[in-house]
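Peer 1: Sequence:
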Amino acid sequence: MKHWLIKSEPATFGIEDLAAAPHRRTGWYGVRNYQARNMLRDEMDKGDLAFFYHSSCAAPGIYGIVKVVKAGYPDPTAFERGHDDYDPASDPAVPRWFAVDVELVRPLAQPIALATLKAHARALGDLAVLRKGNRLSITPVTAEQWRRVLALA
DNA sequence: GCCAACGTTGGC
DNA sequence: GCCAACGTTGGC
Numbered sequence: 001m002k003h004w005l006i007k008s009e010p011a012t013f014g015i016e017d018l019a020a021a022p023h024r025r026t027g028w029y030g031v032r033n034y035q036a037r038n039m040l041r042d043e044m045d046k047g048d049l050a051f052f053y054h055s056s057c058a059a060p061g062i063y064g065i066v067k068v069v070k071a072g073y074p075d076p077t078a079f080e081r082g083h084d085d086y087d088p089a090s091d092p093a094v095p096r097w098f099a100v101d102v103e104l105v106r107p108l109a110q111p112i113a114l115a116t117l118k119a120h121a122r123a124l125g126d127l128a129v130l131r132k133g134n135r136l137s138i139t140p141v142t143a144e145q146w147r148r149v150l151a152l153a
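The first sequence begins at 1 in our numbering and counts up by one.
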């Protein structure tokens with residue numbers, strides 16, 4: 001089982017939206033970056049766990065834990081004419097963009113602020129979300145990093 | 001709003 | 001293949 005960190009802007013879709021979703025599940029749609037696409041398509045497996053991270057907000061940080069409940073499949077929004085994430089270059093016969101489904105395991109009673117992660121940067125090693133200029137919306141987390149991050153909650 | 005970092009596009 | 005221009009991300 002692998003571990004990940006996935007980012008979302010709470011103004012668009014936050015941990016509370018996931019908690020309110022049917023079966024507390026959602027399709028992780030709209031990723032339009034090839035590196036992240038490759039992880040969705042090739043590396044994320046059913047059963048993997050991920051930190052749910054809020055970005056571009058007043059208090060960025062980790063707000064919950066989610067589980068991958070469906071491995072990579074073609075992102076349907078790429079084929080929806082008129083959808084914000086529609087990509088006319090994505091041919092259904094050769095899909096360009098992928099998604100997974102995630103389910104909320106639990107929100108963190110005490111979210112882990114980005115500032116807290118930074119304060120423990122040394123112990124967390126090369127945690128991708130702490131890298132300067134990091135913009136990837138999906139990043140891998142090692143088992144050791146996962147454990148150490150959780151210990152900060 | 002500012003700015004650094006990065007990805008993508010397109011001319012050559 | 002190079003590289004400048006541009007758009008986006010995301011913290012502050």
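Incorrect hints may appear among the rest.
Said to hold, decoys possible - Capping the alpha-carbon separation at 25 Å, the derived lysine-lysine pairs in DSS-like fashion look like this:
(1) LYS2 x LYS67
(2) LYS7 x LYS46
(3) LYS118 x LYS2
(4) LYS118 x LYS132
(5) LYS46 x LYS70
(6) LYS70 x LYS2
(7) LYS46 x LYS118
(8) LYS46 x LYS67
(9) LYS7 x LYS70
(10) LYS2 x LYS46
(11) LYS132 x LYS7
Hints listed in this document are in silico derivations from the structure and should not be mistaken for laboratory results.
Peer 1: Run every hint past the structure and note whether it holds.
Peer 2: Going down the list of hints, with the structure as the test:
no., hint, verdict
1, LYS2 x LYS67, "holds, 10 Å"
2, LYS7 x LYS46, "holds, 19 Å"
3, LYS118 x LYS2, "holds, 23 Å"
4, LYS118 x LYS132, "holds, 11 Å"
5, LYS46 x LYS70, "holds, 5 Å"
6, LYS70 x LYS2, "holds, 14 Å"
7, LYS46 x LYS118, "violated, 30 Å"
8, LYS46 x LYS67, "holds, 8 Å"
9, LYS7 x LYS70, "holds, 18 Å"
10, LYS2 x LYS46, "holds, 10 Å"
11, LYS132 x LYS7, "holds, 16 Å"
Comparing the model with each numbered hint stated earlier shows that hint 7 is the single one that does not hold.
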